[in-house]
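Could you use the hints to bring the two separately framed chains together as a complex?
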Amino acid sequence: MKKIYLSLVAGAGLLFSQASTTLAQGDYPTLSQVNQRLQALSGSGSPAKLTSLTKTEGGKDIWVLKVGRGDMDNKPGIAVVGGVEGFHVLSVELALQFAEKLVKEHSAKLDNTTFYIFPNMSPDAYEQYHAALKYERRGNAAKVDHDRDGQVSEDGYEDLNKDGVITMMRVESPMGDYMPLDKDPRILVKADRSKGQKGSYMIYPESRDKDKDGQFGEDLTEGIAFNKSLTYKFPIFQPLAGDFAASQVETRAMLDYLFDQWNIFSIVTFSPANNLSAPLKYNPADARKRILTSMLDKDVAINSMVSGIYNETITQKAYNQTNQGTDGDFFQWAYFHFGRLSFGTPGWWAPEAKDADGKPLGNPEANFLAWAEQEGMNDVFVPWTAIDHPDLPGQKVEVGGIKPFVMYNPPFSKVAEIAEEHTNFILKLADMQPKLEFHNVKTEKLSNGLTRITADLFNNSPLPTHSQLGERSRWLRKIRVDISKDQKDLVAGEKIQLIRSVGAFEKTTLSWVVRGSGSVDIKAGAAHAGFATLNVKL
Amino acid sequence: MKIKNWIYTTALGAAMCLGATQVSEAQVADGRYFRAAGTPHNPKVQVSWNRYHTNKALLEIMRDMVAKHPNLVKLESIGKSYEGNDIWVLTVTDFKAGKAEDKPAMWIDGNIHSNEIQGTEFTLYTAWYLMEMYGELDFITELLKDKTFYFAPTINPDAHDYFMTGPNTGSSPRSGMMVFDNDGDGEFGEDPMDDLDGDGSITQMIRKSPYGNLIKDPMDPRKLIRVGIDEKGEYEMIGQEGLDRDGDGRVNDDGIGYYDPNRDWGWNWQPDYVQSGALRYPFTVPENRAVMEFIMKHPNIAAAQSYHNYGGMILRGPGAEEDLGTYNATDVRIYDAIAKKGEEFMPGYRYLVVYKDLYSVFGGQLDWFYGGRGIFTYSNELMTSYLYFHENAGRGNQDEQMKVDKYLTFGDAFVDWKEYDHPQFGKVEIGGFKKNFGRLHPGFLLEQDAHRNAAFSILHAYHTPKLSVTEVNEKDLGGGLKEITATIYNERLIPTHSSQDLKYKIERPDYVTISGAKVVAGFTVENEDFNRVTEQKVSPEKLSVANIPGMGTVKVRWIVSGGGNYSITVDSAKGGKTSWKK
Numbered sequence: 001m002k003k004i005y006l007s008l009v010a011g012a013g014l015l016f017s018q019a020s021t022t023l024a025q026g027d028y029p030t031l032s033q034v035n036q037r038l039q040a041l042s043g044s045g046s047p048a049k050l051t052s053l054t055k056t057e058g059g060k061d062i063w064v065l066k067v068g069r070g071d072m073d074n075k076p077g078i079a080v081v082g083g084v085e086g087f088h089v090l091s092v093e094l095a096l097q098f099a100e101k102l103v104k105e106h107s108a109k110l111d112n113t114t115f116y117i118f119p120n121m122s123p124d125a126y127e128q129y130h131a132a133l134k135y136e137r138r139g140n141a142a143k144v145d146h147d148r149d150g151q152v153s154e155d156g157y158e159d160l161n162k163d164g165v166i167t168m169m170r171v172e173s174p175m176g177d178y179m180p181l182d183k184d185p186r187i188l189v190k191a192d193r194s195k196g197q198k199g200s201y202m203i204y205p206e207s208r209d210k211d212k213d214g215q216f217g218e219d220l221t222e223g224i225a226f227n228k229s230l231t232y233k234f235p236i237f238q239p240l241a242g243d244f245a246a247s248q249v250e251t252r253a254m255l256d257y258l259f260d261q262w263n264i265f266s267i268v269t270f271s272p273a274n275n276l277s278a279p280l281k282y283n284p285a286d287a288r289k290r291i292l293t294s295m296l297d298k299d300v301a302i303n304s305m306v307s308g309i310y311n312e313t314i315t316q317k318a319y320n321q322t323n324q325g326t327d328g329d330f331f332q333w334a335y336f337h338f339g340r341l342s343f344g345t346p347g348w349w350a351p352e353a354k355d356a357d358g359k360p361l362g363n364p365e366a367n368f369l370a371w372a373e374q375e376g377m378n379d380v381f382v383p384w385t386a387i388d389h390p391d392l393p394g395q396k397v398e399v400g401g402i403k404p405f406v407m408y409n410p411p412f413s414k415v416a417e418i419a420e421e422h423t424n425f426i427l428k429l430a431d432m433q434p435k436l437e438f439h440n441v442k443t444e445k446l447s448n449g450l451t452r453i454t455a456d457l458f459n460n461s462p463l464p465t466h467s468q469l470g471e472r473s474r475w476l477r478k479i480r481v482d483i484s485k486d487q488k489d490l491v492a493g494e495k496i497q498l499i500r501s502v503g504a505f506e507k508t509t510l511s512w513v514v515r516g517s518g519s520v521d522i523k524a525g526a527a528h529a530g531f532a533t534l535n536v537k538l
Numbered sequence: 001m002k003i004k005n006w007i008y009t010t011a012l013g014a015a016m017c018l019g020a021t022q023v024s025e026a027q028v029a030d031g032r033y034f035r036a037a038g039t040p041h042n043p044k045v046q047v048s049w050n051r052y053h054t055n056k057a058l059l060e061i062m063r064d065m066v067a068k069h070p071n072l073v074k075l076e077s078i079g080k081s082y083e084g085n086d087i088w089v090l091t092v093t094d095f096k097a098g099k100a101e102d103k104p105a106m107w108i109d110g111n112i113h114s115n116e117i118q119g120t121e122f123t124l125y126t127a128w129y130l131m132e133m134y135g136e137l138d139f140i141t142e143l144l145k146d147k148t149f150y151f152a153p154t155i156n157p158d159a160h161d162y163f164m165t166g167p168n169t170g171s172s173p174r175s176g177m178m179v180f181d182n183d184g185d186g187e188f189g190e191d192p193m194d195d196l197d198g199d200g201s202i203t204q205m206i207r208k209s210p211y212g213n214l215i216k217d218p219m220d221p222r223k224l225i226r227v228g229i230d231e232k233g234e235y236e237m238i239g240q241e242g243l244d245r246d247g248d249g250r251v252n253d254d255g256i257g258y259y260d261p262n263r264d265w266g267w268n269w270q271p272d273y274v275q276s277g278a279l280r281y282p283f284t285v286p287e288n289r290a291v292m293e294f295i296m297k298h299p300n301i302a303a304a305q306s307y308h309n310y311g312g313m314i315l316r317g318p319g320a321e322e323d324l325g326t327y328n329a330t331d332v333r334i335y336d337a338i339a340k341k342g343e344e345f346m347p348g349y350r351y352l353v354v355y356k357d358l359y360s361v362f363g364g365q366l367d368w369f370y371g372g373r374g375i376f377t378y379s380n381e382l383m384t385s386y387l388y389f390h391e392n393a394g395r396g397n398q399d400e401q402m403k404v405d406k407y408l409t410f411g412d413a414f415v416d417w418k419e420y421d422h423p424q425f426g427k428v429e430i431g432g433f434k435k436n437f438g439r440l441h442p443g444f445l446l447e448q449d450a451h452r453n454a455a456f457s458i459l460h461a462y463h464t465p466k467l468s469v470t471e472v473n474e475k476d477l478g479g480g481l482k483e484i485t486a487t488i489y490n491e492r493l494i495p496t497h498s499s500q501d502l503k504y505k506i507e508r509p510d511y512v513t514i515s516g517a518k519v520v521a522g523f524t525v526e527n528e529d530f531n532r533v534t535e536q537k538v539s540p541e542k543l544s545v546a547n548i549p550g551m552g553t554v555k556v557r558w559i560v561s562g563g564g565n566y567s568i569t570v571d572s573a574k575g576g577k578t579s580w581k582k
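Going down the list, the protein sequences come from chains U and W.
Counting from 1, one number per residue, gives the positions in the first sequence under full-length UniProt numbering.
Counting from 1, one number per residue, gives the positions in the second sequence under full-length UniProt numbering.
In short, the hints are calculated from the structure, not lab data.
Some hints could be false.
Below, a list of computed lysine-lysine pairs in the DSS-like style, where the Cα atoms sit at most 27 Å apart [as the list claims (entries may be wrong)]:
1. U:K507 / U:K428
2. U:K289 / U:K233
3. W:K297 / U:K55
4. U:K143 / W:K297
5. U:K66 / U:K49
Model, not experiment: these values are computed from the prediction.
Next up, chain W with everything else stripped away, as it sits in the complex (with noise of 0.2 Å):
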């Protein structure tokens, strides 16, 4: 109610000041932008959301950030990567309304595959809407007081520009910088990606060949077209674009990797031989040890959500069916009911479990967040096709990614088929789908696609939890003695402890004290109306509660003895703290 007094007055103000102004700036800002429903149509930053950012751009993006909502906005490196680059981290919330780390915090992030470059703009496209909402909008305003944001738009910087620049196909490099020794010659990374043809994209190269069992399309040459078993071809699928530079008949087979940034977590890791992709021992990779020890440090993290590309999915845990067990049905009803709502306002995103929809993987980032810190988490699996012409056609159909690329990108997507001479194959040629096709949004399909997984992550933090002292009610017991009860409140869907934080005691309890009163016992209430109680025998005044539950509560009673006003405080690492006074 204040807030939108303020903003009333404030705008009234500001339209006496300006007098000829006529329209409020609520409609029409500077005298140029009427407002789309739901966006930002003057922001303080300005940020197109139809392009890619590389490294320097984000950081100038997020320095402006600061610059412009220095209440709302700190900017922080939590770290290095193995090349030395800065770890950015913002942390968004109304700064005025209480400290960061007493708040109930969502934690987003992007890029822990280098080639899945939207979920930083992703990432940057919720803090961003977030904070040029506040004060705009009641519900963020309210939002950012309640809770705080950390938003890390890449955890992999060095690659997260290499993808760019570098020689690179739609899905490489999945890791880091790092180079190992892929094909076990005791060479490291003597044979990687070459860009023959210069154009930045590594595509494909095909042969002439009378035994070839590949035709172009006569109606559309880019397109190859597989010929009858029993007909005779044109070409020869040669294979991806590149060298063979070490001399063991294998082309492009020694680059930076591989490791697989998303097999290198702390919770139920396992070695390369069981878990492909995975290095020496959970957090091997800079990046990631950066990360946990953010999140180890940020034990308010109630909430977390990674991004990845590609096929519209909303996942949840567990990554491997051994870990079934992990995810028990308390846990999963709260993953359903948000993740429910998000398939309702994300077209073509199906909420999915890993394991069993996806594939089976140990020490998966996700399965940390949650298995290692009782943090309910989502991967989203961003872009679908479903995007294009709202038809399921599948990952990677050519001839609906040709259509897209002849009717809506107006072949901007396809390196046309280009004679090379190849030192090692003799004439080939080359082309294919460019490297920023396929798995990554074409740009006019960027911002829409990252306000609905902006808008599901609101919704996901705005069901970390809400504390309140509800109901104090006092009982005299005569003899100078008074009985209290307080009951405390969780008016959000996430409990203070997932069930697998109270499992394995991951997160110290939360703690209820009562202040200015002589008590004598306390106790937690397990069922009021049949008055059975549970004594803490040591430290009475500052009761440990297990868990608050999602849209439940815990009640707490003392015996005190005299009088005099009392307060009552509650203290929780996930679910904040808020206080009573008498």
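Here chain U stands alone, though its shape is the one from the complex (with noise of 0.2 Å):
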């Protein structure tokens, strides 16, 4: 018996060591790890609640965090979102470390704000990072012809060189449209006829021809990538896109708890795009259109705003970030199709790197190539070794390239910090979300038992209550204003009354009278925007 009662407690210390272990890792978490995070994120006690909304082709859970206290659903929230792009591993890591943080050292921000973040939108993607055959991979598990030819993905990645990892291959040709970059020849950029320029080399991903139909990986064995099959701009028919918006079933699942949490004023999503080191465009003709491209203006001035913010909050400089929204993406829909204040950033990138002349590099891969360096990472790059390729024989092809992943995630050792200014961008974020207050109560007397109650509704805060796009959407709701008088006692002004919104620092004036004694409550507001309440004697 008492063995056993030590043993359990070795036990014990074993699991706390691992922990410990976990968050001194150097590397991104498996699935398993960070399933083991947000299970133990979210212990009884904890302000924190783990659902799985669904479980993917691949079997894997889709997990929301809800982290709240009080009346969660009736707090404006806010979205934290992952794993929006399975290669982008850094990602999930954001989301989780910002959980993490917001209930061990945030908590008290739950008093105003409810957070609802989605750790991994991928989760079949990004086991790829972990996998024996690494490469950046975007689909889910489902089965999908690609290239539309009636065979289920029969030219995916092949690992020709049996390194590993999927890169590029070469092959030398004198039609070929690639030439090597004069920086750095181990890059291969498009060859520019309209200036004359010759290529030497056709490029394609590392794989095969299979199907001889002269592609080479065109019909891959991933299956839909969740970042290109939204309803915004949804590239019908694309590979990995598929044949209509929100086919998988972790996309339904994710949207429709989304749209039954009214009270989501904003998401923030780590993936690719990025619109707060520098705002979206305003487009005057496309803002106008009845499918609208363009953000309003007025919600491209609170873009500008908050990506002053960000950058304030982020020590890393902006650059190569152009990337401001793909075709199926879900930081636009959060905006385009959602009406919520959407922000979007990678995290990181790869910073401004000098050559040896100090003169900037341009090329982006040339720029990670040189930073890399400079950071003493040399496994960064497979150099370019010939392999006889079995679909083009006799023909020089080399196998090589920026190995994946490294692009976009950043050696884990610099994510602490990275998640620490974003999880302090994000409570930057909650600080700002609009706050109705009832200002300048009056009630005047008037005879015979009439009182005349005046309030103004006042919005105190940088934000409005809906965005401009969010007044036109029905997935918002109103500002509500509620009198507790009867229908009888109201001799002037309605007992509910809707307002489409209140602007940044902005008020409205409300004005009833009421018949009889006693105290009357009011209550304004609506679920994204919070509720304010006054209590009038009489």
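Laid out in structure tokens, this is it:
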């Protein structure tokens, strides 16, 4: 009996030490490590509740961690989303560390804000980071005929040089349209035919042409990419996108959850798209079209303000941040189709590096390699090495290139600081949330038992209660004002009134004429904007 | 020819057995029924096509169809509705003449909009007509040997019955039974329609008022007339029969819906602020999702028809002007040919294009069927007031409708104005046209219009591809080599791949395969006279053909070595299968 007791204690000790090694680990976590941390975070007594929304085609859970206190669904909420791209393993870690820091260090924030953390929307693809064969995977485990030729996934990646990673292959050819970059000949760039440049290589992903259609790696063994299959600008019939938007169960499970959480006012997405280093552009012509493809002007102004706060909070200077959204992605969906304030960042990018002469390199890959060298990272490039390609007999084929993952995910040792800064940014965003208050409350006695009640409903926030687009959306509630008087005692003024929006630091004046005495309760708000209450003695 | 013989023999046999029966069954059945041309006069499945059926009655009819025509009909549930009702699909084909899924097929559905219930009847009528006429008319017999029909009489069973049993107008509900927060106040469905007078129809409320601008027509007190701008009236219009239950000053402003199941489909889907009535993402509506999954699993569907009401229209896409480029000339030619023929035998129906003749919408069913699946699809707006008096008095013409109710329906279509003590408006009068009038056919017009629309679908289905290997020519090339050239003919209007299908490679190519021969090389022949060919270097014995055009041919060629007998098979998802043997 004693022995058992002792071994239990030892076991607990082991568990504990394992947990601490997890924190000090040297690489991005495996899915099971992610799951363990989520479970640990949401134990009894924790303000975080973990729910599996569904399982992917690959049998992996789609988790949401709801973190809050009290009347959680009626406090403004922020959703934080990671794993939007399966190869962007950093994003999962950032979402996870945000959750951990929130619960352990910043739980006071939960008095006013509820958080919804979706740590990993692409668990099927995420696994590839830790698999025997590593490559930048986007798709889930669904079976898809990407090149639409009647055969499913017949031309996926192939580890031709048996090094356990998928890079590129180049085929020497006078008909090639790629040429080595001057500043770093390891990098191939497209020959600029308009300048009379001549290519010398054809370039493909490391793959075969098993169906002999002349194309390489055009029908990958992965399925549908979460970040290419949402409804905004859905790239129908393109590889990894599918035959219609939101075709995958994990996408629908997440969207259904979001649509049911009326209190979410903003979404922060960790994915390659970035509107935090610089805001999206306003295009008046596109903003007037029936199908909107530009943010509306007032929302661009908000984006710009929040971007300013991001750049103050994050020490890393923006560099090569040109991705402001791709077709069918999540980050644009959150604004254009969900009407919420949507902010996205990759969390990290290779900083600007200079060449030997102190000049910028321009080309992002060359810049990355130069930066990696400065950092002493020697294992980021597979040198071009000739192989015998079974589908290209007699041709000079070389496999090589930048290793998968490294351009999107920094060495794990850098993640702690990135996570700390991004946590701070999200908390600052929470501090800005819409905040409704009553001011200038007046009760005036009219004769014969009538009282006029007047009050200003003030939004004490730099953000409006509704994005400009959100005002048009049926998926954001209007500000509703209720007065506790019976209809028969309301001489003037409405028992229920709906207000479209209250702007940043703006007010709207309310007034009623009521009959009788006692006290009256007035409540104004909406789930995503919070509520203000007022008790008036007549 | 064989069928004719068979019918003849059977009829003769029956006549001989009964002895006393002097007339052929083909004219007088059961000693009782003399055939009206074109209609089954003694059907195995008895249905009255002059009334509307509830889900219960529909299922009874469909089960009866399976029992009476086991070789022609199968019934399956393709999924559940929001409220858990089955969505039934009848598969109708000659199951003894090949597998259903191997034949070019047509999909027909009705009732996507809950109040548009004649589509259900028309869909079922078409199924009934085909199975009852099989073996009686060569044309129909042949059609069911060649083709498969999938009938979904209602793809919205919940609200199909709710339209009939619940408090509704002729235009409600448009959606299924899901409830949302229509007025944006955070509550769901708190202010639905109220049938104050308990007659099952939501009509109108008027109130006596010295300041009103309406009077009742002294010649016909059912009719309200607007007085002149300088005249005094007697009544004011309050609006729809109902209450303001949630105290927001609006009557009936948050009932079931709002959403439009016909804004829920996955081609160029747009959210509600762009396209009112859309929900969360394509196929949010569970009934639509079930249909979509069925369509995805049945790539043999080459033609489709959906039924709506009303206005007498044969509609094709695009639904939205932004999609104009989707419908190209090659496909529009085929749409035009079938629909213009339909106009000829469907009086009162006009062939129109949704975005320019009706309204511009995203996420419609017909756009997904065509844009997303490459299926030639029409949507008919059933019932037109033209059917009343063969005049074009226009939609909702009150004078004409009153005349119909006076001379044809004898007061059955109208609720006479009757006083009611309204808790919010005081003394009002409630009355107006019933929900089963206006958009819906009156009973006596149902069967005729059902038949004409069925005929349109039969024409449409007839024109799905019909493939055959018509010619196989051999040429000796010497050295033990032989050149075999085969011609594949599609003797109908619709190609195996619409141009939309080809543009996005929606469906796999057609395969033309030779077996029993050693293939040295394989080609598709672009121009036989000048020997222009395109070689397929990989697997030349199984040639991929992008498309077999309507009323057109594709020629393929193999160089083979050695002799012996060989066979050629054609395998097309939408064109069916055919083969040829030496």
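Consistency of the hints with the structure:
no.: 1; hint: U:K507 / U:K428; result: holds, 23 Å
no.: 2; hint: U:K289 / U:K233; result: holds, 14 Å
no.: 3; hint: W:K297 / U:K55; result: holds, 23 Å
no.: 4; hint: U:K143 / W:K297; result: holds, 14 Å
no.: 5; hint: U:K66 / U:K49; result: holds, 5 Å
The structure is consistent with each of the numbered hints, conforming to all of them.
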